[in-house]
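Enquirer: Residue numbers (this note's numbering), protein chains in the order written: chain W, 1 to 435; chain H, 436 to 870.
Among the hints, erroneous ones may be present.
To be verified - Only part of the chain H face toward chain W is listed, based on derived beta-carbon distances under 8 Å:
#	residue
1	686
2	773
3	791
4	829
Unchecked claim - Output of the computed footprint for chain W on chain H, the stretches with three or more beta carbons under 8 Å from beta carbons of chain W:
#	segment
5	529-540
6	816-828
Derived from the structure by calculation, the hints contain no laboratory data. Cβ atoms here follow ideal geometry from the backbone N, Cα and C, with glycine treated the same way.
Number of protein chains: 2
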Amino acid sequence: MKILEKLSREEAQKAVKRPAGMQGTSFAQLRNSVDQIMEQVKTRGDKALFELTEKLDGVAIHSIQVHDAEIEAAMLLIDKDLKKALRTAKRNIEKFHQSQVEEVRKVETSSGVTCWRESRPIESVGLYIPGGRAPLISTVLMLGVPAVLAGCRQIILCSPPDAHGQIHPAILYAASLCGIREVYRVGGSQAIAAMAYGTESIPKVDKIFGPGNQYVTEAKMMVQSAGTAIDMPAGPSEVLVWADDQANPDFVAADLLAQAEHGPDSQAVLICESKTFAEKVNRAVGQQKSHLSRESTIDAALEHSPIVVADRVSAIQLINDYGPEHLIIQRERHHYDLSDIQHAGSVFVGPYSPETAGDYASGTNHTLPTNGYARMHSGVSLDSFVKKITFQELTQDGLKKLSGTLQLLADAESLDAHRNAVDVRLKYLDETVNS
Amino acid sequence: MKILEKLSREEAQKAVKRPAGMQGTSFAQLRNSVDQIMEQVKTRGDKALFELTEKLDGVAIHSIQVHDAEIEAAMLLIDKDLKKALRTAKRNIEKFHQSQVEEVRKVETSSGVTCWRESRPIESVGLYIPGGRAPLISTVLMLGVPAVLAGCRQIILCSPPDAHGQIHPAILYAASLCGIREVYRVGGSQAIAAMAYGTESIPKVDKIFGPGNQYVTEAKMMVQSAGTAIDMPAGPSEVLVWADDQANPDFVAADLLAQAEHGPDSQAVLICESKTFAEKVNRAVGQQKSHLSRESTIDAALEHSPIVVADRVSAIQLINDYGPEHLIIQRERHHYDLSDIQHAGSVFVGPYSPETAGDYASGTNHTLPTNGYARMHSGVSLDSFVKKITFQELTQDGLKKLSGTLQLLADAESLDAHRNAVDVRLKYLDETVNS
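I would like the entire structure built from these sequences, with the hints used as guidance.
Expert: Laid out in structure tokens, this is it:
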């Protein structure tokens, strides 16, 4: 990794600039493809899904929904140690997300005027789990656990079929562990379209969650513009490790490598205090990397992953300018203050908190804002699966006391029917009292 | 208003179908105009803002930012009773939004694994306040109060200039009351573009809030697709009143009229128990309407605003199918159960809780999801101005105990660098203990 020293704020920002995504004509082409796929699913439903799956996933499927028997069969294929690991992860994720339940707090804002807020589950949600070489079982838990906890009435899961038209048994097991039995073997932007518009087999949902490639991401942006909610805008994964000279270079190197294996467009940034430490990390990266299976992916990611040597003030500035999805702090207690961290998705504090913990099983959610979106977005949480309704109840007296304020403001906004709704009630109260 | 009885679920859904917005070629034209305006502001900054303001608002302005002296002058122009009303409203809004502050709850999900969540303000937010015949001062409070409470560091406000190039003094006063001094006289989609991209005068913000016409709404959807956060998708305002036969028809009529005066595309739906009551409400609507100034707007809105006679079960079903922005319940206590209400923006309970209270001064926010978006979106709250960062800290022992789970899950996902980040630490701990 390139070591950069004595950078100005602007130079540092430039040094950690994320690799540019698809642009220009290739992006226009992708957008056009997605648009066509969406339109086909919208107008031709299941028929389009069968055709697109054959064309894009290279497999002819016979049913879109995964049968109960397939789910039952999957149970038998999963190793018992993995089952136990999934149960442990699920329990921790449940515990942490359960702590996000908001209790109802009634507030008497003025005498006789009571306001409060109550959460209600989003009725119908769709979870997208990408395919690929290995099953993203942890993502099933990260989306499935809070969806069930929130009380969503309909929870469906879409994932692309493999070459045999199957969904990986570990995904089926993880879904089932959460209590999700409605699984569809459809992937890509066609899955997003199916969940947004509904087809004969797949119900239309209110909100779509989950990661995916650029087709999936673009499809999610399109359905969002048309009114279906989505979890958040997505981009490649990233980590920023902030270390002091007392940190263990092996730990730091391992955390950078864990990020880099995600993909060639991933970014792993280190901010440290000295060139000596930076060099130690570089050596450790080289040593550890040779034992890892995704070495070429890692090399590609590290191409645009610098080490920035910076003092504490500049480091904080750069962290907040960058807004990392994951921030790992490997510094002694007196070398940082968490309140300085303003923009980040999830923060891993201390030497024994690798990102791996949060990715899988500590309890926090791993669906987090990338691409600097941590400036304005939170990661997925229980909140993502509910909406909050405000309520108010005014007593006769409460309305009377507030009426002068309401009348003046309605007058100022020239909304006399708004004022009338207060006047009519006051008149009635006056007449009732006088009679 | 048309009275409809004995409807099936589908017929009832059809009866309350919202009036269709702009579509087809006229929508394509609007989109094209907005696109051009956005592009101009993006590439030519302030220069484009001056030109567009002259062209679209019909006034040549000399400065984009409102000077402190203009804000000071506005203070002197506001009536003292209105000032008092604004202070009362502000106090109540503050009280209710203050109650939404989330306290940090640290959770030990498993032994030695501590997870928690902390809120951080969105650094820079832009509030859009539409122009028009009357100043939307209440919206200034509804957006300004939570923005300040959340601790947003930069809060800017854009609003179109009047024929004299001025912002209404009441808007300036309300902004100043919240503590907002950075006001720009720019409106329409050009204001949204300026806040999303930044110009020489107007800083780029992280998130844009506020209502507006179709140009503003379309511009907000466009910048959302490009990465700027927005409060929520918007549509015309609406109310659903649910009454029993014991309700006061005058109150019900007044609430329907208050909604209808918003615009010809507004919708005011009544669900009640009998045709007799429906007819009483219709008579009261006729009587009250003649005294109101926006009679023609009201008539247009009531064209597509039906009265549906339905029993309790069908009523609940229709309310949740519709997902009203505002729901007013004028029923005796044993005639409803708030837990039945699943989809609504804000609920007004009982005869003395007119929507006017929540629109102005009870304390709840009046920026709410319309167009059925209450199915998946919450109204604006303190949450809208913060994001929540998760944190975790594992002890040596915490990591050791969780390591088996982490290793198994990393193996199952074929991410060996993820596993390596755990292994490296365990190895170090083993060696340290053994040495």
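Enquirer: Which numbered hints does this structure break?
Expert: When the structure is compared with the hints, none of them turns out to be violated.
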